[in-house]
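A.B. asks: Generate the whole structure from the sequences, applying the supplied hints.
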Amino acid sequence: MVYAGKRGHAAVDRELYVPRSWTSAPDRCRAVGLAEETTFATKPELAARMVARFLDAGHQAAWVAGDEVYGGNPKLRTALEERGTGYVLAVACSHEVTTGAGKFRADILAKKVPKRAWQKLSAGAGAKGHRVYNWAVIDLPDPRPGSRQLLIRRNRSTGELAYYRCYSPASVPLTVLVKVAGSRWRVEEFFQSGKGLAALDEHQVRRYTSWSRWVTLAMLAHAFLAVVRADEHTRPAPDALIPLTCNEIQRLFITLVVRPVHDTAHRLGWSNWRRRHQARSQASHYRRQATQE
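Going by my numbering, the sequence shown opens with residue 668, and the numbers climb by one from there.
Keep in mind that the hints were calculated from the coordinates and are not lab data. The reader is advised that the hints may include incorrect statements.
Unchecked claim - Here are the simulated DSS-like pairs of lysine-lysine, each with C-alpha atoms no more than 25 Å apart in a straight line:
1) LYS862 with LYS673
2) LYS782 with LYS846
3) LYS770 with LYS742
4) LYS770 with LYS782
To be verified - Label-pair distances were calculated between CB atoms; the ranges are:
5) THR745 with LEU923: 47 to 53 Å
6) PRO812 with GLN727: 18 to 24 Å
7) THR766 with ALA728: 25 to 31 Å
No residue lacks a Cβ here, since even glycine has one placed at the ideal position from N, Cα and C.
C.D. replies: Structure follows, in structure tokens:
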């Protein structure tokens with residue numbers, strides 16, 4: 668589970684998905700160090716456990732975002748609603764929602780959205796420009812407290828559609844739902860950078876304890892990079908350089924701490940060159956996007 672804030676993001680919890688074929692074989696579980704009371708749990712159930720642990724520990728999170736595996740699970744949605752935690756969870760095109768006119772598939776409802784209802788909004792800034800899509804929202808009537816919607820995203824180039832079930836304790840504007848939907852990319856970014864920077868996937872273990880230790884240490888290593896990055900971003904970056912990224916911090920850490928070399932000035936010069944080149948590339952992408960809009 669990844670916590671995403673204004674200053675960065677990092678994994679804060681993990682659970683191992685154990686298939687039913689394993690949980691139904693106690694001897695098999697015992698051989699790899701799983702507790703004898705281990706029972707089968709779906710991925711949404713594991714997610715609910717992690718969210719509950721996080722919130723029960725006193726931490727705060729106004730929203731939860733996730734992909735179709737989680738959005739299509741009514742028990743997870745109900746658990747979040749009972750806690751008063753908002754969510755924007757992706758669902759399949761075949762997902763059915765209840766409207767004032769009856770029950771419809773998400774893709775059927777999308778065809779009924781009038782042209783004037785679509786709004787062009789950014790789901791967040793990326794390395795190559797803002798992630799701009801067309802968005803529409805349909806209110807879903809419900810006697811229970813809170814506000815519920817079906818959010819629809821349309822790719823401006825291909826027309827491809829994506830769908831989200833949304834809930835908030837109080838009504839919020841479309842821009843907020845779009846921002847939360849766009850935050851899910853940080854989960855993908857964590858797995859990508861966690862593997863590349865912290866060896867999240869470079870384990871070959873045969874026991875649960877070994878897996879737990881390795882993944883926890885990888886999460887800690889990535890969190891260290893994320894905290895350093897967040898701290899560095901409180902200071903203005905030098906002119907013509909992008910702010911320090913987790914990738915660059917890892918390079919500098921290895922160069923200056925793990926394997927210090929005599930040509931430190933040369934290595935720092937290369938770091939500045941990379942950041943300057945990336946700043947120019949990023950600015951070029953944003954200018955190109957601005958001219959195309």
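A.B. asks: Indicate, hint by hint, whether the structure satisfies it.
C.D. replies: Checked hints:
About 23 Å separates the Cα atoms of LYS862 and LYS673, which keeps this hinted pair within 25 Å; it holds. Taken as a hint, the LYS782 and LYS846 pair is honoured in the structure, with Cα atoms around 22 Å apart against an allowance of 25 Å. Of the supplied pair hints, the one linking LYS770 and LYS742 holds, its CA atoms being roughly 19 Å apart against a limit of 25 Å. Distance check on the hinted pair: LYS770 and LYS782 sit about 22 Å apart at the alpha-carbon level, within 25 Å; holds.
For THR745 and LEU923, the hinted distance range of 47 to 53 Å is satisfied, since their beta carbons lie about 50 Å from each other. For the pair PRO812 and GLN727, the beta carbons lie near 20 Å from each other, so the given range of 18 to 24 Å is met. In this structure the hint that THR766 and ALA728 lie 25 to 31 Å apart at CB holds, the actual value being about 29 Å.
Checked against the numbered hints given earlier, this structure breaks none of them.
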